[in-house]
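Just so we're aligned, residue 1 is where the sequence shown starts under our numbering, counting upward by one.
Be a bit skeptical, because a hint or two may be false.
Stated by the list, open to error - Derived pair list, reagent style DSBU-like, types lysine-lysine, alpha-carbon separation capped at 35 Å:
hint : residue 1 : residue 2
1    : K43       : K106
2    : K101      : K49
3    : K33       : K101
4    : K43       : K101
Rather than coming from a laboratory, the hints here were simulated on the basis of the structure.
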Amino acid sequence: MAQKKLEPDSQYEKYDLNGDGVVDDEEFEMDAKLVRLENEDKKEDAQRKMAWFALAGMLLYPSLVVLAVLMNMDQAAKILGDMAATYFVSVAAIVAAFFGKEAYIKSKNTDVKK
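With the hints as constraints, model all of the structure from the sequences given.
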């Protein structure tokens with residue numbers, strides 16, 4: 001049985017990595033791996049942004065309390081102060097999970113290279 005050649009300007013032409021006009025299983029698998037890598041990269045970027053945003057919020061939170069006091073918003077300052085413990089623990093958990101995951105992955109990659 002002869003292999004089927006791709007038609008000119010076929011939507012599957014992008015999978016033909018070696019340019020022979022035939023898309024084999026290896027070429028499909030390579031494309032699937034590339035898509036998986038791109039998705040993992042996007043996920044890691046999103047997690048990194050989330051962790052840095054949370055860390056920035058954690059650092060700016062006390063300034064909101066001070067600002068509320070300076071604007072004579074005593075009730076707002078009290079509410080922000082009461083929420084602080086829960087907020088800091090939650091954000092610290094997010095940041096710690098991210099950096100812990102990064103350290104674990106780095107140690108695993110170092111172990112594999114040895």
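Hints, one by one, checked against the model:
1. A threshold of 35 Å between alpha carbons decides the hint, and for K43 with K106 the separation of about 17 Å falls inside it, so the pair holds.
2. A C-alpha spacing of about 14 Å is found between K101 and K49, which places the hinted pair at or below 35 Å, so the restraint holds.
3. Proposed proximity of K33 and K101 is supported: the alpha carbons are some 22 Å apart, at most 35 Å.
4. Taken as a hint, the K43 and K101 pair is honoured in the structure, with Cα atoms around 13 Å apart against an allowance of 35 Å.
The structure meets every hint from the earlier list without exception.
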